[in-house]
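Peer 1: Protein sequences, first through last, are from chains A and B.
Read in order, the letters of the first sequence correspond to residues 70 to 135 in the numbering used here.
Read in order, the letters of the second sequence correspond to residues 898 to 1718 in the numbering used here.
Don't read these hints as lab results, they were simulated from the structure.
You may find that some hints are simply not true.
Stated by the list, open to error - With the C-beta cut set under 7 Å, the calculated list includes, among others, these residues of chain B facing chain A: (1) LEU1055; (2) LEU1061; (3) PHE1371; (4) TYR1384.
What the hints assert, rightly or not - If you want the footprint, here are the derived chain A segments under chain B, 3+ residues with CB under 8 Å: (5) 82–95; (6) 111–117; (7) 121–127.
Beta carbons: idealized from backbone N, C-alpha and C, even for Gly.
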Amino acid sequence: MSEEHENPLSPTVSKVLDEYLATLEGDDEIDNEAAKRLDTLLRQGKVPKFEEIDKALSKTKPADKP
Amino acid sequence: MIRIDEIHIEEFRGIRSLDLTLTGGNFGICGPNGTGKSGVVDAIEFCLTGNITRLSGQGQGELSVKGHGPHVDYRNDPDKAQVSIKATIPSLNKQVTITRTVKTPRKAVIEPVDDAVELIVEELQSHPEFALSRREIAKYIVTPPARRSTDVQTLLRLDHIDDLRKSLVGYANRCKREFEEAERSRARAESELKTALGVTALDREDVLKKANAKRKVLGLAELTELTPQISFNEGAPEEGKADKKAKIAKDIAVADLDAVTTALKNGETPELEKHRQDALTALNALKADEKALSLARAHGLITMGLDLVSEDACPLCDKPWDRDELCAHLKAKLLSGQEIKTLLSNLSTANTAVIGALEGTAAEVRKAKDYASKLDPAVTDVELEEYAKWLDGLKDHLKAFESDPSQIEGAIAALESAWWEVPEATQIRLDEVEKGVKALPDSSEKDQALQFLAVLQDRYKRLLGETKNAKALFSRNAKAQKVYEHYNAVSNTVLEGIYEAVAKEFTEFYKAINDDEGKFIGELKAEPAKLSFNVDFYGRGTFPPGAYHSEGHQDGMGLCLYLALMKHTLGDKFTFAVLDDVLMSVDTGHRREVCRLLKTKFPDTQFVLTTHDRVWLQYMKTEGLIKNGQLFGGWHIDTGPRIWGDKDIWGEIEETLTKNNVPVAAALLRRYLEYISAVLADNLRAKVDYRGDANYDLGDLLPTTLNRWKDRLKAGVKAAQNWGQDEAKATIEEKLAEAEGLIQKTDAEQWAINKSVHFNEWENFTKAEFEEVVEAFRALLEHIRCSNEKCGGYPYLTPRKGASEQLRCNCGAINVNLKLK
Chain A
70 MSEEHENPLS
80 PTVSKVLDEY
90 LATLEGDDEI
100 DNEAAKRLDT
110 LLRQGKVPKF
120 EEIDKALSKT
130 KPADKP
Chain B
898 MIRIDEIHIE
908 EFRGIRSLDL
918 TLTGGNFGIC
928 GPNGTGKSGV
938 VDAIEFCLTG
948 NITRLSGQGQ
958 GELSVKGHGP
968 HVDYRNDPDK
978 AQVSIKATIP
988 SLNKQVTITR
998 TVKTPRKAVI
1008 EPVDDAVELI
1018 VEELQSHPEF
1028 ALSRREIAKY
1038 IVTPPARRST
1048 DVQTLLRLDH
1058 IDDLRKSLVG
1068 YANRCKREFE
1078 EAERSRARAE
1088 SELKTALGVT
1098 ALDREDVLKK
1108 ANAKRKVLGL
1118 AELTELTPQI
1128 SFNEGAPEEG
1138 KADKKAKIAK
1148 DIAVADLDAV
1158 TTALKNGETP
1168 ELEKHRQDAL
1178 TALNALKADE
1188 KALSLARAHG
1198 LITMGLDLVS
1208 EDACPLCDKP
1218 WDRDELCAHL
1228 KAKLLSGQEI
1238 KTLLSNLSTA
1248 NTAVIGALEG
1258 TAAEVRKAKD
1268 YASKLDPAVT
1278 DVELEEYAKW
1288 LDGLKDHLKA
1298 FESDPSQIEG
1308 AIAALESAWW
1318 EVPEATQIRL
1328 DEVEKGVKAL
1338 PDSSEKDQAL
1348 QFLAVLQDRY
1358 KRLLGETKNA
1368 KALFSRNAKA
1378 QKVYEHYNAV
1388 SNTVLEGIYE
1398 AVAKEFTEFY
1408 KAINDDEGKF
1418 IGELKAEPAK
1428 LSFNVDFYGR
1438 GTFPPGAYHS
1448 EGHQDGMGLC
1458 LYLALMKHTL
1468 GDKFTFAVLD
1478 DVLMSVDTGH
1488 RREVCRLLKT
1498 KFPDTQFVLT
1508 THDRVWLQYM
1518 KTEGLIKNGQ
1528 LFGGWHIDTG
1538 PRIWGDKDIW
1548 GEIEETLTKN
1558 NVPVAAALLR
1568 RYLEYISAVL
1578 ADNLRAKVDY
1588 RGDANYDLGD
1598 LLPTTLNRWK
1608 DRLKAGVKAA
1618 QNWGQDEAKA
1628 TIEEKLAEAE
1638 GLIQKTDAEQ
1648 WAINKSVHFN
1658 EWENFTKAEF
1668 EEVVEAFRAL
1678 LEHIRCSNEK
1688 CGGYPYLTPR
1698 KGASEQLRCN
1708 CGAINVNLKL
1718 K
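If we strip away everything but chain A, and leave its shape as in the complex, we get (with noise of 0.2 Å):
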């Protein structure tokens, strides 16, 4: 099953790859950092998981040293 191979990305699937960075990075309410760790898992060949998307999107920086 293709969920369960990391399959070689067809050009198809990275022209979209490509645009759809852009088009994360474009906007301002999704973070750069962001949107270069999903673009990263979504290259990956694999379908990701929900726990692997949300981390992508929601992770931040360690909190400052109280």
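Using the hints provided, position chain B relative to the given structure of chain A.
Peer 2: Below, chain B alone, put in the same frame as chain A:
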């Protein structure tokens, strides 16, 4: 990608041992059905991908590569079944040998191997579509739009785009659900705080004012600012645990229980009833459809039934029905994909409202349960918890359906239960709790103040927590929706661009093989969950290909769409394709154009073409599409295919003459010349006496065709002179003189006059006499065809209709202008 140089097949499918030499060029395999041609196709596919579509495709459940890949005598010894391909990788300028055995189909042995070579072989494995059979071509043409969408997306390797979309929509949906749930919790927390404060709207000043009034009773300092860290009872004495039960804030408890009673008495509001009824209607509609699906595959049955309705009666039981009424009745039983999508969307809205109400009611009941346990003596809370748990269960059923629509029965049962009607036993307990609370002694003013501040603190903190959570989930949901919407928009735009480019290319290819459909246009249109494909029909509008076009035209369309898709998907990497009997139903009038299309538009692609039509194979050769081929002339289970080389006709004649068999050699030459004369007559638009039965013999065709050849060269001389192109004129004149000499040597022009040189007499010639005839025709045909080795085609006139403007070959090496100034 690769180009195949050699194939070695051993104990594989119906083949015992077979070697084919392709030398990297196009290759034809010809033989009657059942002679093992497809075994070669299977072997190529297996060696390059480890799979055999014929054994693993749809409906092949009992078949497998391991079980049925080896020759039947070696079914228990799959190690013996193997295929080796020696191939060139143009992009790396390397030659490799790929070997695979059925015993370990997933593992290819590549020699010599390096990372770049491995990558190419992996890429081949991910593009099994390089091999296309006639059966598969139908996938792109006559398949339903929803299925076509999947097939085309698979071919374009776009399925991953859809997988990612599903993943992102799943993420967005869950974020939405979780935010809505958090928002409902926040609303309940707010409502409870308002009840405690005795207000209908929350206002920061009011909260402080109410808190300070109680603090004043306790002699505590006034609070000046409402902050998240605020402690309403700061400085107040700690409440003792021992008398906790006595410390129910009676006023607040009464207000809380009033709110509970009011909420339960209100039961189902008109708005909620509408949502519930909407949800119920939608679920029942879905259930009816699902039931139909499970009952004797009724969905398909109904669809088939619709096709069968041709008169005013049921096609199954003959019961009289009005035709239109019956069709409407059957259609009403089916829910289209779009309808289901809309229905599920409406259902989600209605379900969310009902789930919210269930959660709210359960929370109200649990509030009463909380007081029940704090009263002294405590009121039994079993019935209260049972009711709350039952409400939780109903909510779970509705949520389960949202995650999995097959859980429809539980959802319907939940909506059909009058959950807002409080069970009698529960109501008794509620009354007891209310009675118990009201019977509590009134607290002193100071105790009341203490209790109020404690409850206020608790509910304020809870509201802050719930608000923070709802806010975070709101923000996550907003991001999730955006991320999904962006993906949807971007992927749709990219896909539309792809489909537009593919449709344009398809149109160009199809027009190249069907010049009678000059205004032909093909449209690929992506719609939700389907890909529509419509083609022009002689300017009368666009329709699905199966609507009006013949089967032969549909095959041509399938090939063109496949080529357009492959070109788009692989670009320069489209160096290899196997077309298994794909061209069979392309009619004779369009075969040459198909050959030209493959040759001119895909000069860097190696095609392996199978056919059971010898004439087709000859067409491919004449058009220069293939140089080499293999004839399969029979098959036996013990020996596999019986093959012989598809030699050049001159070699075959020569071989026959070495055996001194002039009659057979004469027959061979005559048959070949008949074939080639027909090709040339068509190419040069020779004026042949029309025969209704189209039964032209060599005498009907060749003399007039050779005259036409000279005539066109003369026209070329005239045109060159007209344009003042002296060099071109001299070249064509030279060619014309050569033509006249060679034609004279064949005596073809004398056939009508001198019977002794007529082709019917060839069989009576001596070997030496006939060798002269053979040599004369060989030289003549060599003179006509293009001398460029890569082309080798016979020249033709363009355009196909009207005044001829150019005499040319495929590569353009022969290029004689016929148009005057």
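Peer 1: Each hint should be assessed against the structure and marked as holding or not.
Peer 2: Okay, the hints, checked on the actual structure:
1. LEU1055: LEU1055/B check passes; min Cβ-Cβ to chain A is 6 Å, inside 7 Å.
2. LEU1061: holds, 6 Å
3. PHE1371: violated, 13 Å
4. TYR1384: Where the cut-off is 7 Å and the nearest Cβ of chain A is about 6 Å from TYR1384/B, the hint holds.
5. 82–95: Coverage by chain B holds here, the residue count being 7 at a Cβ distance below 8 Å.
6. 111–117: holds (count 4)
7. 121–127: holds (count 4)
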